[in-house]
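Visitor: Quick mapping for you: the protein sequence lines, in order, are chains A and B. Here the working numbering is used: the first residue of the first sequence is 1146, the next is one more, and so on. Here the working numbering is used: the first residue of the second sequence is 518, the next is one more, and so on.
FYI, nobody ran anything at the bench for these hints, they're computed from the structure. Hints are not guaranteed to be accurate.
[To be verified] Cut-off 20 angstroms, straight-line C-alpha distance, at most; resulting in silico cross-link-like pairs (SDA-like, lysine to any residue):
hint, chain 1, residue 1, chain 2, residue 2
1, B, K573, B, G600
2, B, K522, A, G1203
3, B, K571, B, K585
4, B, K522, A, L1186
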Amino acid sequence: DVKVTQSSRYLVKRTGEKVFLECVQDMDHENMFWYRQDPGLGLRLIYFSYDVKMKEKGDIPEGYSVSREKKERFSLILESASTNQTSMYLCASSLLSGSTEHSPLHFGNGTRLTVT
Amino acid sequence: DQQVKQNSPSLSVQEGRISILNCDYTNSMFDYFLWYKKYPAEGPTFLISISSIKDKNEDGRFTVFLNKSAKHLSLHIVPSQPGDSAVYFCAASAQGGSEKLVFGKGTKLTVNP
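Looking at chain B on its own, in the form it has when it is part of the complex (with noise of 0.2 angstroms):
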């Protein structure tokens, strides 16, 4: 049973405009979040995160949105940029360890000039 989902296997968007990347999880366990993004023939790197004690976290462009009710945390890139484009992977955990992270499938984003 996938406990983190990323419905939407690719995403499309102008450059200059936002992205919006989600991700639903079924473990009321997890308690940390995180957002890893991967290039092609390159390994993942991490992005920005997010405990479950807060709803929102900001880095530059990138903000995470955190909704424990409805077990659904968010991925806004403004503005979108063409390096953008990559892989973007969801993951969450118990207890805060990375020990037992589980990720979600991925959603590919295409920034277009």
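The shape of chain A in the complex, shown without the other chains (with noise of 0.2 angstroms):
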């Protein structure tokens, strides 16, 4: 089975703070991800990497960087941390989908963020 895991089930930190949150897989996925949950907003996609020290942009960017450095590791930071990336923080990872064949994504457990 994929296993995804995310380092921290909770954190709380402060406004202004500079936050890592760290995600690991093991099952050599090309396909990495980081969703954020809010309740009635669904899962919004924040980046994506396809590669090693490749990412592209999702949905809502703004405030977040990302880092891949090794294939099967994907960190989220946020370069200062505000109450409103208060959020439940999904990784996720799949394999590169082909022409015809479409590959589920994998989550991790998620990490439960309060900034105060």
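Each of the two chains sits in its own frame; use the hints to bring them together as a complex.
Guide: Have a look at this one:
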């Protein structure tokens, strides 16, 4: 089974702090993703990466950056945390989709971040 | 603009009855549709999918129906069980890639014993 591990289940940070959320997957997947989930808003894509050192903006990249130095690890960085970044953050991975096959996302269990 | 809409935030059904969760989409380029299930304090898990070349896909108690002309899909759970209580997300992609999946806002299903 694919395992996507997020380093923290709960985090509490202060406004203005730099925050690192770490994610590791063990299935050699090319794609990795960061989503946030908020009540009434569903899942929104922040950034994704399809290869080491490659990244693409998702729908809500403002206030975030990412790092992918190794294939198995994808980090989300909040440069200066703000209260509106209080949310559930979900990391996911998938194989690179082929022309006829679709690779489902495999999610970690999430990190509940509270910014005070 | 919401491209994938789940208009019912919540649904409550009795154990043993059918649960029908609905999803509408606006982008005619979407050609692959998925349902994910999410329990509290866990990440979403993939449940079932359907390609636009089909109108039905079945996996045990779960069936997804796709009506392309109406841009509508539905997830049927028969019979519903209390363990099915979760939030269900509909998702869609164009050109079959997970790289740009678009998710709906989710429907919270409660199955009452």
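Visitor: Now look at each hint and say whether the structure bears it out.
Guide: Hints, one by one, checked against the model:
1. This hinted pair does not check out: B/K573 and B/G600 have alpha carbons roughly 24 angstroms apart, beyond 20 angstroms.
2. Proximity of B/K522 to A/G1203 is assessed by CA-CA distance (about 19 angstroms); at most 20 angstroms being required, the pair is judged to hold.
3. Only pairs whose Cα atoms come within 20 angstroms are accepted, and B/K571 paired with B/K585 is accepted, the gap being roughly 9 angstroms.
4. The hinted pair formed by B/K522 and A/L1186 meets the criterion: a straight-line CA distance of about 11 angstroms does not exceed 20 angstroms.
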